[in-house]
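S.K.: Chains as they are written, first to last, in the working numbering: chain A, -17 to 536; chain B, -17 to 536.
If you are wondering where the hints come from, they were derived from the structure by calculation, not from laboratory data.
You may find that some hints are simply not true.
Identical chains share a label here; the pair holds if one copy fits it or two copies do between them.
Stated by the list, open to error - Derived pair list, reagent style SDA-like, types lysine to any residue, alpha-carbon separation capped at 20 Å:
no.: 1; residue 1: Lys352; residue 2: Val45
no.: 2; residue 1: Lys371; residue 2: Arg197
no.: 3; residue 1: Lys319; residue 2: Gly32
no.: 4; residue 1: Lys253; residue 2: Val308
no.: 5; residue 1: Lys35; residue 2: Pro350
no.: 6; residue 1: Lys319; residue 2: His354
no.: 7; residue 1: Lys352; residue 2: Glu39
no.: 8; residue 1: Lys352; residue 2: Pro383
no.: 9; residue 1: Lys38; residue 2: Ser464
no.: 10; residue 1: Lys371; residue 2: Ser279
no.: 11; residue 1: Lys371; residue 2: Asp306
no.: 12; residue 1: Lys352; residue 2: Glu33
no.: 13; residue 1: Lys248; residue 2: Pro104
no.: 14; residue 1: Lys38; residue 2: Lys352
no.: 15; residue 1: Lys35; residue 2: Lys360
no.: 16; residue 1: Lys352; residue 2: Arg187
no.: 17; residue 1: Lys240; residue 2: Gln87
no.: 18; residue 1: Lys137; residue 2: Gln212
no.: 19; residue 1: Lys192; residue 2: Gly161
no.: 20; residue 1: Lys352; residue 2: Asp322
no.: 21; residue 1: Lys319; residue 2: Ala358
As the structure is a computational prediction, the values presented were derived from the model and not from experiment.
Protein chains: 2
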Amino acid sequence: MKVVIIGGVAAGPKTGAKISRLAPDAQVTLVEKGEFLSYAGCGLPYYVAGEVKEQKELMCTPVGVVRDPVFFQNVKNMRVLNRTEALGIDRQQKTIRIRDLKSGQEQLLAYDKLVLATGAYPVRPPIPGMDFSNVFSVQKIEDAEAIREAVAQNKARDVVIVGGGLIGIEMTEALARHGARITVVERLPAILPMMDPELVAHVIRHLESKGVKVRCSTAVQSFEGSGSAQIVKTDQGDIPCDMVIVAVGVRPNVFLAKDAGLEIGKTGGIKVSAHMQTSDPDIYAAGDCVQAVELVSGEPCYVPLGSTANKQGRVAAVNVCGGDDVFPGVLGTAVIKVFDYTVARTGLSEEQARKAGFEVVTALSSAPDKAHYYPAAKTIMLKVIADRKSRRLLGLQVVGPGEGDKRVDVAATAITARMTVDDVAHLDLAYAPPYSPAMDNIITACDIVRNKIDGVFEGITPVEIKESLERGDNILFLDVRSPAEVAAMPFTLGPVVNIPLGGLRQRWAELPRNRQIVAFCKISLRGYEAAMILQGEGFTNVKVMDGGLVMWPF
Amino acid sequence: MKVVIIGGVAAGPKTGAKISRLAPDAQVTLVEKGEFLSYAGCGLPYYVAGEVKEQKELMCTPVGVVRDPVFFQNVKNMRVLNRTEALGIDRQQKTIRIRDLKSGQEQLLAYDKLVLATGAYPVRPPIPGMDFSNVFSVQKIEDAEAIREAVAQNKARDVVIVGGGLIGIEMTEALARHGARITVVERLPAILPMMDPELVAHVIRHLESKGVKVRCSTAVQSFEGSGSAQIVKTDQGDIPCDMVIVAVGVRPNVFLAKDAGLEIGKTGGIKVSAHMQTSDPDIYAAGDCVQAVELVSGEPCYVPLGSTANKQGRVAAVNVCGGDDVFPGVLGTAVIKVFDYTVARTGLSEEQARKAGFEVVTALSSAPDKAHYYPAAKTIMLKVIADRKSRRLLGLQVVGPGEGDKRVDVAATAITARMTVDDVAHLDLAYAPPYSPAMDNIITACDIVRNKIDGVFEGITPVEIKESLERGDNILFLDVRSPAEVAAMPFTLGPVVNIPLGGLRQRWAELPRNRQIVAFCKISLRGYEAAMILQGEGFTNVKVMDGGLVMWPF
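Could you build all of it, start to finish, from the sequences and the hints given here?
M.R.: Here's what the structure looks like:
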């Protein structure tokens, strides 16, 4: 069996290696346009940051063997043609035309099975000045080397990052480690569009606390300067710079597939079955060039990630070799380290859930990620998205210095299994004071959702409060914090009465019965108790501020 | 509705508070024998260690309010009778006889619904010398205070910990922080019986690297000394000491329940339904006094934990108030910090899985918990337990400095959802270099199991290798590490041939075809590649050493 694989970064080498192991007689040839193979593209920001010291570390196995063509031949039994471009696929003849970029020579390569792992390419916006040598993108090792070189030459003091997605924000932290003054410019109303707005607000605050300027709803018009970009012109004014990083997203590289007449999905990625098979049964595809299925909504989606590429590569390999493995889909799970914060999400966002037709109920919850008395405990803020009718968990988002990735991984597992918030609330998660509160954060957050669904109390989200205040609704806020807490973090949003929780059972008569009351405290646990006390005394118009003051995003 | 709750530590206060919120008109009375309420018993070792500075922190809400009877009355609307003992239950009259321990006065308390949250008590083994004042147990705040006092007086230089369970090992670390020389004495062949032996071996090594002596299969005969215990006499010799901690387990406190004729389960805990109802429909029970169901086997089990107590308390409260909530059971999930290691587990152990009738297949896997080039990456060693026939994940155990608790929580969720190893291998877990390898550790480990089940390769566990060597089997080991690695960590178990993996495709003919070959490397990833190369060349008797040299436990 002759197998040709096009693409040598993540999905391609994974597929080839697995095929070689499953079918030792297969002749596997991997074609890669670039010099480097199987390198850790996701590691580039950490290489720029200097946390990863050597380029080599990104291209080695964990024991330090460089993954070059000799390695692939000797260890993986794959012939690797790097610096070789695939020009076209002849599906009738089952051949590929390739060109050796060193010699310029072209030849045909025959295949029985073909695997496309052509990856993605960074979007290059048509901004005047894109060609200045200090305007960088971040995809290849060569990009990272050039940025490092500029940093070494002290040419990264005032950096403008164009695009507030994952790579833009990772590069923000990487360059801030070198002392750069950084401005992130984002065309959309918020950075990190994978996250819901209330949570992004906290990420922006954290970035600003580190000296990073974040300018949303701002469109770049041009890069200006003589010899190099010195000014980023935007519709909101000029920003001086000595370096620009452009990271406005990636697109699936489907040129070959399209030329060959393979079906392309509506997200722009190659359409594949759960077996990773394209519309041609002898051609498979995996990694950043394919469209995936979002598991909750069943809708097509495009979420390029190294983790998915590896999993899909294995599935493709098993099926190429005559086995039967399926890749069910993704949840859009993502995580990013933003200075001291972990920012992560999985499943549907609130908006996605509404669009998918769910009757959405959400909860915000802020709590220490370990026993509150354990010194290493750090706050995490969670947002749970669930369906009122089926009670299914649909999504989870987390922001904060604590270990949010753990809760998101639990949620990803639970959502995949179509668990309800009740199921999640009863999970036997690992508890000891250095690892979680007795009630893990995700359990508490799901219990809040359960209380809402069961009508135990009514919550009001920050977004709803803001809208209500803008409408001029006659809300009375009930602050049940202690006087010391109030003095330390005064409340300024609107008319407020302060009755510490411990005194509420004596003093509830001071409150008006005919006015909407919004109870809160620092994290709204006492706010919830307060609402329950007032309901017990016959108040009928009491809501709890979701997430408390700590999570107030505006 | 009159509700009486007996027990004021974890499940009791949780149940009472939830009832008060759901049914504001209920008259809730909580009876607690001790002085202190709702304190964090699990936090005692960290208080002894000095990580938690003030006793008060263990008894406060996260915002620093002490949970005393006044707090419960004002905030939770519960009457609390502390220093009050429950003497007996009259189920016909629906009354409880209580005694005020301050005044000695007795009275009857009427109930409509009764909740038993009587907790557990530490086993007090009948060892001569148990009454010496420097022989401590660890259950109450008073115990921790007494131990701290002895430490402050420099009376904890040579400490013997009797019992190598969770509390014994937590206390080991706590006292080592004060500079104590510590010997752990365990009657069984290994400490931490929740863990499988191959993994415990690594924990013991780590303890020894911290200067802790671990003596297993050693029975304490007596504590000897004049005025205080100065010698721990064991069947393996004497151990000098100036402090002894006895932590040989806990038993459910079911005296009241038994006296009242309530059904007791075969594990010794109160038998309850999934609604947390005892054999008397007006009496509920929750927390460390009840028997739970192990979710994989469906067998009764007894796993006292603060996390479970809180969840059960909420379920009991909902049902007391006429709602309908069920507590499905537990997985024996546990986690413990042992100096720099996280040691955790969930689901069935290998032995439990065999006993439950599964056709067990296991995998050992060792890898960094983050991208291997990311500087903060640390090793974790995993053992996966699965069922060959159904392909279900049955259990996961982890040991090492990396973040094992995250993988165990994912596994606990997956096992609860009855996921197969295939399902787990395709999970969309959160990936970025600071959080996990591109293929998360649990995914890699499940892929190894899948390869074994699918017959892609055959593994041999350290236990099997040891048995085979002891039988005198003619094994040839194939070490495919580099010469530098071999020099750094020589292999001494048996006859070995060293062929670095990169040379194996040229040199396989040097190996005998008629002898069992066990291939390995540091973590057995290259060992696996080697086995695949040899199988490809027609070798039929090649196995891979599970987990590689790093996980060799003996």
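S.K.: Are the hints correct? Go through all of them and say.
M.R.: So, going through the hints one by one against the coordinates:
Proximity of Lys352 and Val45 under a CA criterion of 20 Å is satisfied inter-copy only: 15 Å between copies versus 34 Å inside one chain copy. With identical chains, the CA atoms of Lys371 and Arg197 are never at most 20 Å apart, being 39 Å at best within one copy and 56 Å at best between copies. Taking CA atoms no more than 20 Å apart as the test, Lys319 paired with Gly32 passes inside one copy only; the shortest distance there is 15 Å, against 31 Å between copies. Taking CA atoms no more than 20 Å apart as the test, Lys253 paired with Val308 passes inside one copy only; the shortest distance there is 15 Å, against 43 Å between copies.
In this homomeric assembly, Lys35 and Pro350 come within 20 Å of each other (Cα to Cα) only across copies, at 18 Å, whereas the closest approach inside a single copy is 34 Å. Taking CA atoms no more than 20 Å apart as the test, Lys319 paired with His354 passes between copies only; the shortest distance there is 17 Å, against 23 Å inside one copy. For the homomeric pair Lys352 and Glu39, the shortest alpha-carbon distance between copies (14 Å) is at most 20 Å, but the shortest distance inside one copy (34 Å) is not. Taking identical chains as interchangeable, the C-alpha atoms of Lys352 and Pro383 lie at most 20 Å apart whether they share a chain (12 Å) or sit on different chains (18 Å).
In this assembly of identical chains, the alpha carbons of Lys38 and Ser464 lie at most 20 Å apart only when taken from different copies (18 Å versus 56 Å within one copy). Only within a single protomer do Lys371 and Ser279 lie at most 20 Å apart by alpha-carbon distance; the minimum there is 15 Å, versus 31 Å between protomers. In this assembly of identical chains, the alpha carbons of Lys371 and Asp306 lie at most 20 Å apart only when taken from different copies (17 Å versus 36 Å within one copy). In this assembly of identical chains, Lys352 and Glu33 lie within 20 Å of each other by CA distance solely across copies; the values are 13 Å between and 27 Å within a copy.
Proximity of Lys248 to Pro104 under the C-alpha cut-off of 20 Å is restricted to the intra-copy arrangement: shortest distance 19 Å within a copy versus 63 Å between copies. For the identical chains of this complex, Lys38 and Lys352 are inter-copy neighbours only, at 17 Å across copies versus 37 Å inside a copy, given an alpha-carbon limit of 20 Å. Taking the closest pair of Cα atoms, Lys35 and Lys360 come within 20 Å of each other only across two copies (17 Å); inside a single copy the shortest separation is 29 Å, beyond that limit. Taking CA atoms no more than 20 Å apart as the test, Lys352 paired with Arg187 passes in neither setting, with 23 Å inside one copy and 27 Å between copies.
For a Cα distance limit of 20 Å, the shortest separation of Lys240 from Gln87 qualifies neither inside one copy, at 24 Å, nor across copies, at 88 Å. In this homomeric assembly, Lys137 and Gln212 come within 20 Å of each other (Cα to Cα) only inside a single copy, at 11 Å, whereas the closest approach across copies is 69 Å. With identical chains, the CA atoms of Lys192 and Gly161 are at most 20 Å apart within one copy only, with a shortest distance of 11 Å there and 39 Å across copies. For the homomeric pair Lys352 and Asp322, the shortest alpha-carbon distances inside one copy (17 Å) and between copies (17 Å) are both at most 20 Å.
Taking CA atoms no more than 20 Å apart as the test, Lys319 paired with Ala358 passes in both settings, with 18 Å inside one copy and 13 Å between copies.
Hint compliance for this structure: hints 2, 16 and 17 are not met, and every other hint is.
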